[in-house]
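Chains as they are written, first to last, in the working numbering: chain A, 100 to 372; chain B, 843 to 1119; chain C, 49 to 333.
Careful, some of the hints might be misleading.
With beta-carbon atoms standing in for the labels, derived distance ranges [claimed, not checked]:
#1 C:Ala-278 <-> A:Ala-345: 56 to 66 angstroms
#2 C:Ser-75 <-> B:Asp-992: 39 to 49 angstroms
#3 B:Ile-936 <-> A:Pro-113: 25 to 35 angstroms
#4 A:Gly-348 <-> C:Asp-121: 55 to 65 angstroms
#5 A:Asp-355 <-> C:Ala-278: 44 to 54 angstroms
#6 B:Ile-933 <-> A:Ala-331: 54 to 64 angstroms
#7 B:Ser-1004 <-> C:Pro-318: 48 to 58 angstroms
#8 C:Gln-242 <-> B:Thr-1014: 15 to 25 angstroms
#9 C:Lys-241 <-> B:Arg-1092: 20 to 30 angstroms
#10 A:Arg-366 <-> C:Ala-278: 39 to 49 angstroms
#11 B:Leu-957 <-> A:Ser-194: 56 to 66 angstroms
For the record, the hints were derived by calculation from the structure and aren't laboratory data. Just so it is clear, the structure is predicted and the values come from calculations on it, not from any experiment. Idealized CB from N, CA, C, for every residue including glycine.
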Amino acid sequence: MSLISLQDVTFSYPNGVLAVEGVSMKLSAGESVAIVGQNGAGKSTTVKMMNGLLRPTSGEIIVAGVNTRERTTAQVSREVGYVFQNPDDQIFNSSVRKEIEYGLKRMKLDEDEIERRVDDAAELTGMAPFLEENPFDLPLSIRKFVTITSVIASDCAALILDEPTAGQDRAGLERLGELIRTLQARGKAVVTITHDMEFVAANFERIIVMANRRVVTEGSPSAIFYDREAMAEARLNPPAVAEVAAALGCPEVGLDVTALARVLTERAALARA
Amino acid sequence: MSASAVSPARTSRGSYSDPRESPATEVLRTGNGVRDLNPATQLSLAGGLALTAVLFGPLCMVIVVTICLVLSALAGRARPFLTLFTRTILILGIAIVALQTFFVPGTTELFSWWLFTATAEGLAAGIQIASRVLGVGASVILLIQILNLDRLVLDMEQRGMSPRATYVITATVNIIPQMRKQMGVIMDAQKSRGVETDSNLWVRTQAFVPTIGPLILNSIMGVEEKALTLESRGFSATGTRTSLRYVEDRPRDKRLRVLIVCALVAIIGVRIVLWIL
Amino acid sequence: MDSVTLTDVTYTYPGSEGPVLRDINLSIRAGEFCSIIGPNGAGKTTLCAAIRGFVPKFYKGDFEGTVRIKGEDIADASIGEIARDVGFVFQNPFTQMSGITASVYDELAFGLRNLGVPPAQIRERVEGMLELAGITAFRDRDPFQLSGGQQQRVALAAMLIMEQDVIVIDEPTSQLDPQSTDDVFALIEAAQKQGRTIVLVEHKMGHVARYSDRVVLMGEGRIQAIGTPADVFTDPAAASHGITLPESIELAQRLAGHGVTVPGSPLTVPALIGALSGGSHHVAD
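Hey, can you work out the whole structure from these sequences and the hints?
Quick look at the structure:
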């Protein structure tokens, strides 16, 4: 059974603006999915519906077997955590530890359990050294990890990350990739909205491409990044390896640089012979 | 470089150039006679009406409210005027009359209802207060219908108010919808980590800190950047500023204001005479 | 002529343990497009703040060395005076709107009105800037109703219209999608073509490689490498300083790891494709 299921979902804002139209998708425990597309394609609205922040105008959303219409946002978000793009919309406590604890205290867990979860989540995201610091003394890229940690600590079954790579350096990107793999290994579903195709190529099993409020196509990165039509419709540039392989007429290498090197070596050998 | 190109000779700290000097400035006009009155005229008009209502109470209330309605209609705003008036001021007025009637002690009993007794003294006091509230309320609502904030601020600038003061007024008014919008985002962000914000009052009270906290912190962080940005866009320049638009203060505005003042003097005179008699 | 010169700049924020900038010596030529890159915490933003005079004037702290703009030491100038020569744009466009204008047009006019520029000249310059920034279509829109990318272009245009010689831009595209990023870079390039000196902090290395004349790699408060994009991104030290590389160079390096060497330094993916399809690459036996 899928963890999150969207069935023919449409959403219009109260002012009548249509944001998502006839979208269906399924997400299972333990998988990593990237939702990509231009701003305004409907990505944010779609994930906000998964997390119960928005209720579809028509269609159904089932999270862990329950229709989101029957739950409050806070209840749905215990299953599906959502890390907002701007950490400063969330942070208000005077230390990183208090910030992470906040949601857990609201869930009325006992103190030992709270401490165990905070330490575990902080270890996972690399925030352990910062626990006693004031979040506003930390750079934005680290504050982003603080909010990720606070959502992970709630132990939700699915995690939505909105533009996690914005402003991250190499170390931050590597830490994010590692985090996604660990969460998957623990059976969590990870959903990411991102514009960073290299990041998608390196870390995700499935891509859902959105454009003009609809799902254009979905599939594995090695299939999607060679789908010129879909990439053009969503105005995305595939990662370098796919662009190079497509141009050199060897799409069969997929996103595998080793395979690309092998093809180039073979061609050079042929040319010499 | 443009910044240093400003000749310091014309400087008089924080004043504005006379916009009528240049053909490239435009009149800020809506095309409606009442709404295009000078803001000072509009303010004195509403102020005069309110004062009349206060001075005369029931005697003039109907006249004041009627004038307000007619002016709103001339401004093309009869419907919003009536909607706002009936939903706020009228209800308030009726409530005042009812409360006074039943709760002001008196000797002349009109009728009795359950535990309460209506008195003629109460009714009279209610009408006195309510008619003033109705008159002042109608004047304020008239002002809301005809006065445009941009024109008001521009007019204040033209009358020599400091650019900093007018900046504060405009920015404060503009920041409310922006803060409301940001508040929505922050509330969503908090809901997303399990903070209930749309349940009963107690739950909402608990959610107050996590929503107000980031809002204030964001504003503080934003203020620093905004101050630096304004600085580099010449906000603290001391020379004469340019206006691209201006608000007219036509002879008829001036005549109208003189008329209003004369009428007020007459009204106050009549009031005093009536008191003495 | 040098537009910005930093000599032996060392700076410590009040209350922080060690210096955030250490012995910075840097000269940026007039009209140059200079990008500052490096991992988070390397001192990039502080370096920008030093050029704008916010460090030490606004943030206080211990400051040594000199910063010169067009040859003049800014130590004795006020932030307002420096702002006449150095414009700047922050990451978040929201905080950069004046907050008192109802249209993009008025937002651009705001700075010029403060300076008392005659109305006809303001109109002419606003029209020109709307055109240059590609925002003519939303001239009458409320700046706060625009998307992040559009707002950032308005913020940039509102600063560029002040015609300062130097523009310092701190991570303008970190919240933007690829299309908006391209639009913002196009505008920065247009400003450079008008002769402005550009100092840019940016994480999107593909764009840095494509647009910059020179790249400054910061790490731990020091300048670790400086040179053309090709020099800095192919410097073996670059990767060890915790930055990502332009994707074409990253891929070329990974191919090299598998015995396929691409000559030169392909700063863009098309350049890499060109090198590989032209057969100029070398394959190890």
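Hint check against the structure, violated hint numbers in rising order:
Of the numbered hints given earlier, those the structure breaks are 1, 5, 8, 9, 10, listed in rising order.
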